[in-house]
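Following the hints, put chain B in place on chain A, whose structure we already have.
For the protein sequence lines, the chains are A and B, in the order given. Just so we're aligned, residue 0 is where the first sequence starts under numbering that gives the first Met the number 0, counting upward by one. Just so we're aligned, residue 0 is where the second sequence starts under numbering that gives the first Met the number 0, counting upward by one.
Partial selection, computed: residues in chain B whose CB lies under 7 Å from chain A:
{"no.": "1", "residue": "Pro63"}
{"no.": "2", "residue": "Ile104"}
{"no.": "3", "residue": "Tyr113"}
{"no.": "4", "residue": "Glu140"}
{"no.": "5", "residue": "Phe145"}
{"no.": "6", "residue": "Val148"}
{"no.": "7", "residue": "Ile151"}
{"no.": "8", "residue": "Lys154"}
{"no.": "9", "residue": "Ile157"}
Treat the hints as calculated values from the structure; they're not laboratory data. Glycine included, each C-beta is placed from N, C-alpha and C at the ideal position.
2 protein chains.
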Amino acid sequence: MKKAVCLLSGGLDSSVALAIAKFEGYEIYALTFFYNQKHSRELESAKKIARYFKVKEHKILNIPLNEIGISALTDRNVEIPTKKNYNEIKRKKEIPPTYVPSRNIIFLSYALAYAETLDADAIFIGVNQIDYSNYPDCRKEFIQKFQEVAKIGTKRGIEGKEIEIKTPLINLKKAEIIRKGFSLKVPFELTWSCYKGKEKACGKCESCVLRLKGFEEVGLEDPLEYEI
Amino acid sequence: MKKAVCLLSGGLDSSVALAIAKFEGYEIYALTFFYNQKHSRELESAKKIARYFKVKEHKILNIPLNEIGISALTDRNVEIPTKKNYNEIKRKKEIPPTYVPSRNIIFLSYALAYAETLDADAIFIGVNQIDYSNYPDCRKEFIQKFQEVAKIGTKRGIEGKEIEIKTPLINLKKAEIIRKGFSLKVPFELTWSCYKGKEKACGKCESCVLRLKGFEEVGLEDPLEYEI
Chain A
0 MKKAVCLLSG
10 GLDSSVALAI
20 AKFEGYEIYA
30 LTFFYNQKHS
40 RELESAKKIA
50 RYFKVKEHKI
60 LNIPLNEIGI
70 SALTDRNVEI
80 PTKKNYNEIK
90 RKKEIPPTYV
100 PSRNIIFLSY
110 ALAYAETLDA
120 DAIFIGVNQI
130 DYSNYPDCRK
140 EFIQKFQEVA
150 KIGTKRGIEG
160 KEIEIKTPLI
170 NLKKAEIIRK
180 GFSLKVPFEL
190 TWSCYKGKEK
200 ACGKCESCVL
210 RLKGFEEVGL
220 EDPLEYEI
Chain B
0 MKKAVCLLSG
10 GLDSSVALAI
20 AKFEGYEIYA
30 LTFFYNQKHS
40 RELESAKKIA
50 RYFKVKEHKI
60 LNIPLNEIGI
70 SALTDRNVEI
80 PTKKNYNEIK
90 RKKEIPPTYV
100 PSRNIIFLSY
110 ALAYAETLDA
120 DAIFIGVNQI
130 DYSNYPDCRK
140 EFIQKFQEVA
150 KIGTKRGIEG
160 KEIEIKTPLI
170 NLKKAEIIRK
180 GFSLKVPFEL
190 TWSCYKGKEK
200 ACGKCESCVL
210 RLKGFEEVGL
220 EDPLEYEI
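Isolated chain A (complex conformation) (with noise of 0.2 Å):
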């Protein structure tokens, strides 16, 4: 049985993209972090959502990214932005303040070194350029720069068995991306999308926002409770 690795957040994209990988028959190594991310609450989704889909391992690896890496998501002294403050981001071009340095560089390294280790041929990540926060490691390009590091940088992909960074839901629109997940029974219900990680979502944080109006094109109800 062929192997594929899966970043797992816990969130909406990443379940949905496991999903995907399950479907095309793949034994799914799971693999999330903690990072000291506010909402870490999603690990506990993750774990749900690996349980579901019967996945054959769950790796959850403690990294310290907030040692060395400034972001709204790690650093409590900063706020995470609501929408008001987003558009105003995203009619600048800029890059919001949830960014986190290298973090998807970090997290495809990791896989890499899992997949290398497991002799996975795949590695799936839940990356979408549509829908998104305009951080630079969401894209293509630097998932088309990262699969060139994968072939000449490991044991593997110079022995000429690439490991493919499967990345099914890169251009997909948030509402498609539900659509498909909503197809290939993800319980939404068990995800978790939203950066302050209280108890109930907040509804006005991007990844919130994103979400809600995905659910609303889709004409489905988001099964979370909202602040809201």
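The following block gives chain B in isolation, referenced to the frame of chain A:
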């Protein structure tokens, strides 16, 4: 003052690379990793080298590489090959079992996050593709590809302020690295190279063999104590 992140293992090469960065006038931010390596005593060397060169900051990160990657450097059940086995490995042009999957990709990813947070212009890494162990992530092609990832996958990169990955030792022979270090007053007695990490250097692992050969070629005595 321009800033540089210097990857510092505590070995000979990374210490010389750091000395070069210092000589070039950078303010140094040293970055060292504990990844359950058998030779974790190199961390003590890293601390001493960082102090000796009066770096601005020295971070030692504890990373869970051993939880996902298999290597003779981290697995207590796998033996580190000695000179005899290495000759066989080299003859077959194989990658030795001391290869740690994605190690430099992971190290550089963290260095990138750190550099971006500091607003540093450069990362120094002491990789070398001449007197080395055939590791894919020590070669120039790999560094070039990673440079492209740094350019396209980070905020600084897409804003046109590229973080340069500097590899001053890439094409030097070990003897030339030692000569360079000697001229920059690198305290070789504080460095550590042996993969076994015991009280004295073993003199038989590839890291010791390359180091001893280098010192011999230069006509200097290695100040470390060896078992042989």
